[in-house]
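Q: Reassemble the complex: the two chains are provided individually, in unrelated frames, and hints are given to aid placement.
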Amino acid sequence: MRQSNIGWLFLTPATLILFVVGFVPFIYILYVGFFDWNTNAVDPTLRWAGLQNYRSLVFDTTFLNSLARTLVFAFFVVVSELLLGYVLARALMADRLWGRQFFRTIHTLPIVVAPIAVGATWRLLCVPGFGIVPYYLKLWFGIDYNISTNAYHAFVTAIIMDLWHWTPFVTLSLMAGLTALPKEPLEQAQIDGGNKLQIFWYVIVPMLKPVLLTTVFIRLMDALRSVDEIWMLTKGGPAESTRFIGLHIWINVFPKTDYGYGAAMSLLTLYVTIVLSWLLFVAMTGRKGGAQ
Amino acid sequence: MRRSGIASFVLWICLTILTLLPVWWMLVVSMRPRVKLYSKSFLIDDLYWNNFLAVLNSSTFLQYLLNSLIVATSNAALVCALGLLAAFGLSRYKIGGGDNVFFWLITNRMAPPAVFLLPLFLLFTKWFVFGDFMLFDTKIGLILLYCVFNLPFAVWLLKGMLDGIPLELDEAARVDGATTGQVLSNVILPLARPGLAVTFILTWIFAWNEYLFAATLTSSANARTVTTALAEYVSVTGTNWGEMAAMAFLTTLPALIVLGFVQKHIVTGLTFGALKG
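Line by line, the protein sequences give chains A and B.
With UniProt numbering applied, the first sequence closes on residue 292, and no number is skipped along the way.
With UniProt numbering applied, the second sequence closes on residue 277, and no number is skipped along the way.
None of these hints come from the bench; they were simulated from the model.
C-beta atoms are modelled at their ideal positions from N, C-alpha and C, and glycine is treated no differently.
With a cut-off of at most 30 angstroms between alpha-carbon atoms, the simulated BS3-like pairs for lysine-lysine come out as follows: (1) A:K138 to B:K40; (2) A:K209 to A:K196; (3) A:K183 to A:K196; (4) B:K94 to A:K209; (5) B:K36 to A:K138; (6) A:K235 to B:K36; (7) A:K138 to A:K235; (8) B:K139 to B:K126; (9) A:K235 to A:K256; (10) B:K126 to A:K256; (11) B:K139 to A:K256; (12) A:K209 to A:K183; (13) A:K235 to B:K139; (14) A:K235 to B:K40.
To list a few chain B residues with every Cβ distance to chain A over 12 angstroms, as calculated: (15) D45; (16) D46; (17) N50; (18) L56; (19) L62; (20) M134; (21) K139; (22) D176; (23) A178; (24) Q182; (25) P190; (26) N222.
Isolated chain B, as found in the complex (with noise of 0.2 angstroms):
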């Protein structure tokens, strides 16, 4: 038993190692200057800011960043929203056609992005114009875009969540006269708050990783965000590894630090409703 305890951790200490590598030399090559690129050394020799200073310099990419805050939480906040409408209505009620709406909603998210780029691209650009407002290279459009894999996933969370929560009681405050309303934000709300928060976190991510949608249906600073600033950026300079590591760097550490706040909830919010299908 000893030994085993033993074995195992140092295998941990190795897929460890493994799974920080990449990360590690991202770290590595942000903070080197050009000269020193090609060093295969594995430490950070010393602490060079300048990539990262060029970076948060250039003239967009702050800009970039808060659209990705921007269209990030507006779209997290509105698919937690409609989520729990959704899911509450399947779970609660028998609706004709339930099991085949449920099903519709997920291929939304089934669906490779490259199918809607297309048919988005031309709606947004000829169709869902209002005089002098288009959605095209907009944060609202991108917010209302990313509702196509996020809102699927989020009524899928939580209908597994509210599934779990027993009818028992919803009855019982019924019978104290609650109205739907009541009964939606009085006993269905704080329950699920835990599986909202992880509904939240994910959307929030899945949002900020974006890339494709972004790329395709923004042009400027407008509303442009950090993914496709790195592509751009990758694109346009190609071989500056420094910059593009620490801009590669900074593109994650938003997600990373929201990460650490929540990683001990993912699991019990993850259960996706197990075992009560």
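If we strip away everything but chain A, and leave its shape as in the complex, we get (with noise of 0.2 angstroms):
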């Protein structure tokens, strides 16, 4: 490592271009979030509001619901993403599948697969009369299945078709990460007879670390991010069932031309990711800062 400031040099292209598409939008989206700036409204000009907006926001029982859903949503999303991204990643490593490589290829497919696309996909399967998913879980199993009038059933559809999408990411990255561990503790553990529950939560686990934590926060961020799916398959519906913050910013911003407010909830859902990642990070490293 050499002390100099010709680093600098290299990082400012990049760091030009973020400023401009990054940083001056987020300072304008700071400033436009103190004012009253409705386009449709009666008078669309700017109005200084002061902290005006923020108060109506603590207030806002849909806007604290969609916060509240996604949050939900995020945490089913992700555990059980890790957890099952964790089984098929082994799987797909054992020695003796027969075919690895052609089920390698198979379960990355969902991932190129553009989110528009798979909530169309998902709404072609899953809309009440013309899918087959209701159709069989009408004849098989009884079940009315029907995600434009049922809240529960649009929630959970929306988690499976995440699953469907991102499962094979989480997948993908442990994959690399397991290829990367060095082999020796490994055989240290099973020599000093740790069964396999032990070996995983003490060995495997800790070793993993790194990539566990770039998985969850790269899932995370995306799972509070989402909107194009949950979109396509069931405009956030039924009932607001599925609106999920992103959703429900776009929505505020976009056909209503609520500025000012969609800028203060715009800022206060990237404090809310923030910190829910900084208290991650700090949960599963025990340290205070610092990138990894």
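A: Encoded structure:
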């Protein structure tokens, strides 16, 4: 490592672009958040509102509900994807699995499907009257499955759709992490007579921590941001049961053009995301700061 | 051992069917004429291409496809170039506040897209206007925009990879009189090539798949991408399932083809600099 300002030279282009498309908008939204500004209102001019937008947010149950719903969704999705992804990764790495490359390719496939197409596809599968899922659930199990009237069905479908789409990503990165693990500690633990669970918890998990952390971070952020899939699947319904925060903000900002309020909402969501990631980081590493 | 092998194989077949089912159903529906749409059979009865032809013959779809191709490829190239430079800076130099810069880069990916949508919409239509040229509804606008989420990802991925290249190689080259530029192009670049390829592919796919920015910050065939075409299509015709499925399939196809070529390398490329931390 050389101590030098030349390092900055290499960072400049990337920083510059992110400054323009990332930081400037961020400052701008900070500014807009203090204003009352709705281009569809009778009086569409910017009016100083101080903290009014934030004050209303704290009492806005639609917003708070959608935030809470998003957190529940993200929690379920991230936890199940980790568990499922780990099992799949181990299974896909087994030496005696015949046709391993074939299965690996198949289980990578959902990652590359555009979220918007994923939403469209799952709608094809699940839409009442037309899709095969409601039809066969009724035929085989007698379940009246209907994502356009039943809030729970819609929510669960959103979770399953996300599992389908993103478990392969978790599988892939865990496979990468597992491949890179040194073999000696594992063999040592086996010689010392550890059972499978002990080896998993005391040997594999600690060594896998950096990969786990990165994977959880990426998945958490993306689960908190997802908009397009849900939009195509249910449009947020029925009765707002799948209106996650990204979608909620989008609806407020664009169709409703409530800019000031939308800005305040966006910022609050961003803070929640950052605090959550930070807590997670501290909980998983025991460290208080700094990148991994 | 033998029996558990067979059991796991059967399990894999089931999982594979589950994974493929949505995509298969998309294909099945896309090949059905209107009258057969409500059939619940899982099979493609006959090859009916009219849905695909209708989509491909629509006036704008091919233009949207071309836009997507240009935007995704340019963005991935830009992101890889800048990402490599930034990762090199972060990995090889001790930068004052380097950890903070790194973290700041990542926070750009953390933000819900909705956070950026509003200010960027306002900036693109009101601020970043040079004479007749404004960034709203241009491919350049989208190419720059996709850096918001792709560049942090690329820097993150590439830094891990560069950290994995032994510093001694740099030093050796420097002792032999190589300049920093030569170290970068003759030592780092060849070794980072597999990682760079994975980064390129993944960012390309992310850019290809992006919907929300594209939908909000474009308004005409000038810059609209295939994902917006699909969403537009659904809201306009609503129930024309056959054509919708065909369109969804066509939107996905390029990314699937790309995946087919590189699948093997993704796992090796995705180590995120694991264990180097």
